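Chemist: Given chain A, work out where chains B, C and D should sit, using these hints.
One line per chain: the protein sequences are A, B, C and D, in this order. First residue of the first sequence: 1, per the working numbering; consecutive thereafter. First residue of the second sequence: 1, per the working numbering; consecutive thereafter. First residue of the third sequence: 1, per the working numbering; consecutive thereafter. First residue of the fourth sequence: 1, per the working numbering; consecutive thereafter.
In short, the hints are calculated from the structure, not lab data. Please note that a few of the clues may not be correct.
Note that identical chains are pooled: a pair holds if it fits in a single copy or bridges any two copies.
Derived pair list, reagent style DSS-like, types lysine-lysine, alpha-carbon separation capped at 27 angstroms [what the hints assert, rightly or not]:
no.	residue 1	residue 2
1	Lys116	Lys170
2	Lys171	Lys34
3	Lys67	Lys252
4	Lys123	Lys67
5	Lys34	Lys170
6	Lys171	Lys116
7	Lys254	Lys67
The structure presented is a predicted model; accordingly, all values stated were derived computationally and were not measured.
Here's the letter readout for the chains.
There are 4 protein chains.
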Amino acid sequence: MISNPIPWPNGARCACVISFDMDADSRIHIARPKDSHDRLYPISMGRYGPTVAVPRILETYRRLGIKQSFFVPGWCIETYPDAVEAILRGGHEIGHHGYLHEDPIDGLDQRAWFEKALEAHHKYCGGTPSGCRAPVYNINQEVLDLLVEHGFRYDSSMMADDIPYRLETKKGGLWEMPVHWGTDDWPPFAHYSEIGYMMPVAGPSTGLSGFWDEFDAAYEAVGFFMLIVHPFLTGRLARWKQVDAWLENTLKTKDVWFARLDEIADHLDQVVASGAYVPRREALPYYCLLYTSPSPRDQRGSRMPSCALKKKGGGGGGGGGGGG
Amino acid sequence: MISNPIPWPNGARCACVISFDMDADSRIHIARPKDSHDRLYPISMGRYGPTVAVPRILETYRRLGIKQSFFVPGWCIETYPDAVEAILRGGHEIGHHGYLHEDPIDGLDQRAWFEKALEAHHKYCGGTPSGCRAPVYNINQEVLDLLVEHGFRYDSSMMADDIPYRLETKKGGLWEMPVHWGTDDWPPFAHYSEIGYMMPVAGPSTGLSGFWDEFDAAYEAVGFFMLIVHPFLTGRLARWKQVDAWLENTLKTKDVWFARLDEIADHLDQVVASGAYVPRREALPYYCLLYTSPSPRDQRGSRMPSCALKKKGGGGGGGGGGGG
Amino acid sequence: MISNPIPWPNGARCACVISFDMDADSRIHIARPKDSHDRLYPISMGRYGPTVAVPRILETYRRLGIKQSFFVPGWCIETYPDAVEAILRGGHEIGHHGYLHEDPIDGLDQRAWFEKALEAHHKYCGGTPSGCRAPVYNINQEVLDLLVEHGFRYDSSMMADDIPYRLETKKGGLWEMPVHWGTDDWPPFAHYSEIGYMMPVAGPSTGLSGFWDEFDAAYEAVGFFMLIVHPFLTGRLARWKQVDAWLENTLKTKDVWFARLDEIADHLDQVVASGAYVPRREALPYYCLLYTSPSPRDQRGSRMPSCALKKKGGGGGGGGGGGG
Amino acid sequence: MISNPIPWPNGARCACVISFDMDADSRIHIARPKDSHDRLYPISMGRYGPTVAVPRILETYRRLGIKQSFFVPGWCIETYPDAVEAILRGGHEIGHHGYLHEDPIDGLDQRAWFEKALEAHHKYCGGTPSGCRAPVYNINQEVLDLLVEHGFRYDSSMMADDIPYRLETKKGGLWEMPVHWGTDDWPPFAHYSEIGYMMPVAGPSTGLSGFWDEFDAAYEAVGFFMLIVHPFLTGRLARWKQVDAWLENTLKTKDVWFARLDEIADHLDQVVASGAYVPRREALPYYCLLYTSPSPRDQRGSRMPSCALKKKGGGGGGGGGGGG
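Bound conformation, chain A alone:
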């Protein structure tokens, strides 16, 4: 069901990444800056991530011998250096995830926030990360340009395919490691009225069962399975117990490649360079706004959209395109 499956190393049927966004308590501070320092329950809910869940997760990875990817906002890197150090010591990757989980669409000075986060990576993680996941997935063209400018090799915030694909912008290209709401743990497990996320909480088995359905489909189709999960949600005891058991069983019984996203980017570069694989390419920006001529308005005053929104770039087709 995947039109151009990627040849994974050693003929593995599926690449697997449990990617953790270690947001800790950043979200309450960006959402409620006036009094967040005194909102002890959401702070404590977030702190569970770096202090209780991350050591537990790292212990599982150590025992099973796998390396995975974490995305951590700059402020969380500065505030929870022990967790960061433990992640790096375990051989895992830490990607860019904004400074305080700020939404890039909110009209902030992206360069200032982006580079402030980058400083934290340089100071605590030893350099510029390979990849970035925009907070709340809200990547925009400006952030994309910053990624290219700073030599990032991949983004992981978009949903245009099941498997990694190339983003080609006017300034350069990078890999997209695509996300999806069906493999994100906010819908099943987050309950956070303070930030406007009032949702039911699935039981551990029920909430995780959708993820395993997704894996089964990716495995059968020789695809890419990535969870986008959070230490303070999926790292909770009862949920992680089930993920741990699933990991152990999957490693034992399936032919999968658990890897960090930067390792996957390495592999993709390789198979593209060798000509073994031609990835799909999406050319960006998708659209530009053209207001050179007054846009026609309908009789009741609402502007007709087609003139304002002009298609840019290509990407219409389903597969193919040139190499990376």
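Modeler: Below, chains B, C and D alone, put in the same frame as chain A:
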């Protein structure tokens, strides 16, 4: 449990339509016109539809030898011509679905938007479509009149019955191919806070199981089973894998008629013409507002509704009525 | 688990009522009075109730030989007289449910709306109903007084117990046939953004399974099992098919008493009169507002609540109390 | 999976607490003070707690011989003295839960409300409680200081760990008995649009199954299992029937310690004093706001957060720390 079952071709127990609304990224543009061009994550989520899901869906239909119905906003037809061409090449039908998924109730100039969409159909799809599904189901009397005026043969936006029925307006009649929230994939699978749709995401098995319950009931009752689904939701890998398996199994083990909605309209016209079937009729408009005399107000100032809302047309009974 | 179980007729273990609120399209008219007449999809969704679901439900009841209770807003009685006549012809009961499903808490002139609905009952149903269910359960003291004044024998809008209990007001008493969100079909099945009810839609089996859990518990405890459901939701084909099967099976295998709520009120009056049963009593109004002395305010300006809200009546204990 | 498991009495594998917040109808009064006295349905929904559910719950506890913890707002203590007396007579504990379930973050005079609630405890429950659960978990530094000042031994409003841990403030320390949304019954069972909590209602089996998953994980990890439930939700007949059966079965088949939270605090003090256990410590306040120098602003005017929010105290690590 259906009081006036339709005699399906060759005595099939159930007519089945997997109807896809290929909205692509139209919804983000209509909801957030100021900056939607820079909202790359919702754009990418929508683009998955025409570029990844539609080829996958068409491949299933080709393999199983079935033709189905797609509804595509005019702007999506213009923006994703490859997907449109592939759909038509597969022998499927493309119906009207607004221009940019604009809500007809929003007080826009319906004629302008409706006919702008129609132009796209003429240019890319070879003529006026047979059917229409109003965006967000929000059909109103003005759109209904436009359908009659332009010779549409069916609408598919209303819920007054389990099986197709006749809409009779002052200007003419057409078939209603009824929809229902229980067979729509937005409730189980959409998660789209940007357009105010903050909902849990069901796992593939859980989310689809409700649809199969609906089929079982329709099949037992000699009815009509229609899914109202979206390439960027139900066309995702893990979900479509299950739909594909269900289709294959159903075609093998049940006596069903998978058809396009225009073929179903053909069949209905035939059985009505031959006298083999008398469909239920709903006369519209249902109500008209009469303000000829000042409406009485209650003591605290709220107007009593019964004088303002005057019943029009008939449709009180449960079954019967004259032929189409 | 029920401290004072009711002795049901012939030693039945449980009284059962499938109570239907036939709201039809009233809710869209009260919620969106300006343009509801042109909102054809919600109108059609509501019309399904009186025109398709009610005949189906009545056929099940006829076949199984049971009589049940329907609550119908006055405007729906006037608008759907055929459905009303069919309900009455089947031997079922029609209770008061407001005029246009107006929320009694909204500051309307309750007497005018209440009595306007009553006129419809007199004209179409042959007299004053025995019972009332306040729209959206929002009964208040004024409506309660109107019920007593007009000789109603029961209300069915409150949740203070698992089994019927007495409401005692200063003007008189009546039975409360208690409702509960766990046996109401809005949470599992309604999806109605136009009236601010944006909820997931459970599959038929999943959504109904909670109801059957509730029955099992009521049956074991010698209790009272009442569904509060709607023709346009639970009367849909796939859901009703399952309810029909459950009814048939339950009637065959369990010792239950399916009855109308007015019949249950008759029985309760009887067992109370004979001394066989002493019901729980709730004295109303629960509270009154007293502003005789200025209420103390805390240092930051928020009024302390305890002086404003004065407890009235009794009802502290768990069981007992005098007869009806 | 728990890095520093607590040695429970007699080698029990898990400490278990079914903690009930008996809010009764307090929430509607704090949310809708203008007309809550006339909102009979939410009042009745809340009254079910002290009048029907609490006797049922106490009967289960009596039969099974366990003592548990209840948290009751001061106003509820005054309004439902019979329920309070029955709870105390059963040997259970009653903790502080605000006066009218007021949200401590709402800028109220915390001391006035806190001490008004305390008066109710002194008058009806015989003294200052051992523990406190902040309404809606919204503990803040001011409430924490009040707890220390009044000699409370534990709080139960935060989520920073799976097992009890120490809170160390400048004024003194106390135990935190951590809560979690996965063991709270509001997400599965509450449906309360009047207070902005519009959520689906899980069936009894489905809604409770998540709790039992949580227990299984805690039991396996030698942990701490606490439900945070409400008489008017989990004390409803069909749900409590299942909890009762689970309790009976668990007591029979597992090696668990059901205890009151104050007994757990006793035990923790003991094992810490004896040196058998070193708990994790969280130093509070977590942050303080420093505005001594003007904080830098980004080019578009949004203040950079890192200077305003200064980390205070420690707590970065995953385990360890000094004794209580």
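Chemist: Against each hint, give a clear statement of whether it holds in the structure.
Modeler: Status of each hint after checking the structure:
no. : hint            : verdict
1   : Lys116 / Lys170 : within (25 angstroms within a copy, 32 angstroms between copies)
2   : Lys171 / Lys34  : between (39 angstroms within a copy, 24 angstroms between copies)
3   : Lys67 / Lys252  : within (16 angstroms within a copy, 42 angstroms between copies)
4   : Lys123 / Lys67  : within (22 angstroms within a copy, 53 angstroms between copies)
5   : Lys34 / Lys170  : between (40 angstroms within a copy, 23 angstroms between copies)
6   : Lys171 / Lys116 : within (22 angstroms within a copy, 36 angstroms between copies)
7   : Lys254 / Lys67  : within (17 angstroms within a copy, 37 angstroms between copies)
Of the numbered hints listed earlier, not one is contradicted by the structure.
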